[in-house]
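A.B. asks: Given chain A's structure and the hints, the job is docking chain B onto it.
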Amino acid sequence: MSMNELREGFFQECEDLLEALSDGMAVIDAGNADSDTLNAIFRAVHSIKGGAAAFGLEALVEFSHAFENVLDAARADRLTLQGEALALCFRAADRLADLVADARADQPSDSAASATLIAGLDRLLGAPSDAPPAAPAPPADEAVAPAFTPLSAPVSFDLPAKKGGAPAAAPDAAGGMSHYCIRFAPSRETYATGNEPALLFRALAAMGDLSVKADLSRVPPLLEMAWDEGYIIWNLTLHTRAGEDRLREVFDFVEGACNLDIRRLDAATLAGPQPGPAGAPGGTAADAAAAPAPATPSPAPDTVATDEPAARPGQGAPARATIRVDLERVDRLINLVGELVINQAMLSQSIDEANLPSGNGVDSAMGQLRQLSSELQERVMAIRAQPVKPLFQRMSRIVREAGHASAKLARLVTSGEATEVDKTVIERLADPLTHMIRNAIDHGLESPEARKQAGKPPEGIIRLSAGHRSGRVVIELSDDGAGINRARVHETAVARGLIAPEKDLSDEEIDNLLFMPGFSTSPEVSALSGRGVGMDVVKSEIQRLGGRVTLASMPGRGTTVTISLPLTLAVLEGMVVEVAGETLVVPTTALRETLKAAAADVQRIGAHGWFIAIRGGFVPIVDLGAELGFQPGPEGFVGRVLLLIESGSGRRAALAVDRVLDQREVVIKGLENNYGHVPGIAAATILGNGRIALIIDPDEISAAPAPGPGAAAPRPALATAAGA
Amino acid sequence: MKLRVLAVDDSRTMRGMLDAALRDAGFEVRLAEDGIEGLERLNEEMPDIIITDINMPRMDGFGFIEAVRAERRYRGLPILVLTTESAPELKARARNAGATGWIVKPFDEGKLAVAIERVATV
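Chains as they are written, first to last, in the numbering used here: chain A, 1 to 724; chain B, 1 to 122.
What the hints contain is simulated information worked out from the structure, not anything from laboratory work. Worth double-checking, as some hints may not be accurate.
Just a few of them, taken from the derived set where beta-carbon distance is under 8 Å, the chain A residues facing chain B [to be verified]:
| # | residue |
| --- | --- |
| 1 | 43 |
| 2 | 195 |
| 3 | 200 |
| 4 | 250 |
The model shown is predicted, which means the values in this text are computed figures rather than measured ones. We treat Cβ as the ideally placed atom computed from N, Cα and C, and that holds for glycine.
Just chain A, same shape as in the assembly (with noise of 0.2 Å):
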């Protein structure tokens, strides 16, 4: 693997732990902090740290570092997380999931507000700002790893070889020859934990010139031993370059756990060294220091012992079985499910045109096919599946932040995140509904003084649910706030010219005038929902996604938009229609109704715009064979079907065609990579009979302008928009 894979793979972990750490402080933040829940969060944040730290990511370990300090508190019972704290951890975390983005974008990241939160956190925890941050532990033991260069130093102990290039000690930085005389008397536990004398003996002659002596003089008659006793005392002399940390470095994993003394012999106490502890030759004042009678851990810095778990086994929700793969086999393995799907079509269509005697057994072996296959396409649609719950956590942030710059309380409440949606619809949902939780929040919300007099708990709630509704996803988002002031809608909505002052509209009407291009209701421009983009992209943004989203409201009980999706981008729920001999598909998501247009309907406006007069508007008709090119110019609209589409930008038309043959769900395929862009189509399709049909592309067709010259003429029709 190389490192940049190890660094991909990293930062796809982040994402893992990053949700875990959001559903943790969920639960926490709900009241429910139990010890599973913190070491879980101490966990994500933990290996966010390792991984960092492995991957030089400073800025993410030093942070990390200081997060991991207070949940490492938290599990501790040192810390309670609640109120303030809980806020902090909050905010810690979302800036946690800002480093990683930032890290993985290699971007500089913002390290005002990364200091500004150490800083807070270091605070929880009582300690004062000006220590030093316990951070980076690494540098300290960097120093330490030693960068061996051979040296050809004799070695006089006779030890396994080490393979590759003999290491050896590298010149201390002090210079010159050092003589050492280590007493090293390992104890029951140096054997106990695993550790093997011989193998320091062979790191130390790595380093000099090694001579051992074994000291049986404690060995016990062999009935008296015991077996796992350590007896024998190693009596050690080392003429060597390096220093004396790094001789207690190879030492390290025994240090506590065996009677050890190193010291470092001048000249003249060379000759007959006896070594112990207590004949104690006198030395100089650095030699006293650095010999520490048997060696206790040394008093260190009170660090936090982060690796310490407060729980044992059984901690912590059970890991997914998952496996990674490029989404691109999936597709792969989507559209060729597709293609099954269409073929059983076709050939189940030539069964029935052979016209077999009953009981052919064909029929019913092509029954079984049609219900393998329409599985087989379902639960490969499911792989693109995933659940809402990374979205929605997403939103919980948005909220917090939405709230803090409004100074609105508001608490995100959501539902249903279990609910699979295709990836890509939710990676495209993220931004309309960040605009319209924004929007909730800005607009809906009224401030914790109002909602007081209003009888309302000053907190606000906004409330995000998702969940299967008849073959679709149906997302909801509400807010418990003021409403839609109706009034005030209708007002601007006059002032902008999007509607006749005297039309009379009838409360959903107005609720839906929201959505219309370039409406804003608020006077000012908020640094938060800002101006330009309104609802009106939103819409055109699920529309995209084969969406509808619609919106109710209720003055003083608050605003509910509801979006609904398909399960999958791959299939489309289309209305199958004929068009001058040709079979074309309308997508369902954009049709209101069909009718059939009665002569008084139907007039000319201008020299080449036809209209139907819908409920007091005017919608103009787009002749669909006409408009691509099937037949010569439109004529005679009188008793044809007419599909009335709304597009995304709410611009109605009238799609004149000859007959409606069947509504369905139809494989989608794309025309653009093989064909190119062609104006009015979507997409295609492969009928059961083995017939391509193009799928319609309701904004183009209707942005078609079809009324030639007639300048005035959209005007009545968007003057009508929100009438449907």
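C.D. replies: Same frame as chain A, now just chain B:
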């Protein structure tokens, strides 16, 4: 003959890093995701040395080491603990659980090899 290392870590990234670094350093590598899986792999693979993380779900590093040491035949098996801290109390804790030594993260190939060669031999 190559030393066979069983590396136990719940982090996918860390397993990948260990795998790459250990292979480069000339070791044979076996991987496990947590203590429970570590114990399963132990009997199948008969490693010469174990490297384990501490913070893991299901069974953490301390529980894992204790379970390994509880088996007579693994009493002398070298076990190194992966840790981000070099705090003495942590080392004491690891040793009490039966760990042979520790490797402070972040590690590189050289650091791993030095630690391994200090406790294990073919």
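A.B. asks: Does each hint hold? Answer for all of them.
C.D. replies: Against the structure, the hints come out as follows:
With 8 Å as the threshold, the beta carbon of residue 43/A comes within range of chain B, its nearest partner Cβ sitting at about 5 Å, so the hint holds. Hint status for residue 195/A relative to chain B: holds, with the closest Cβ pair at about 5 Å, below 8 Å. The beta carbon of residue 200/A comes within 7 Å of a beta carbon in chain B, closer than 8 Å, and the hint placing it at the interface holds. Among the interface hints, the one on residue 250/A holds; its C-beta lies about 7 Å from the nearest C-beta in chain B, closer than the 8 Å criterion.
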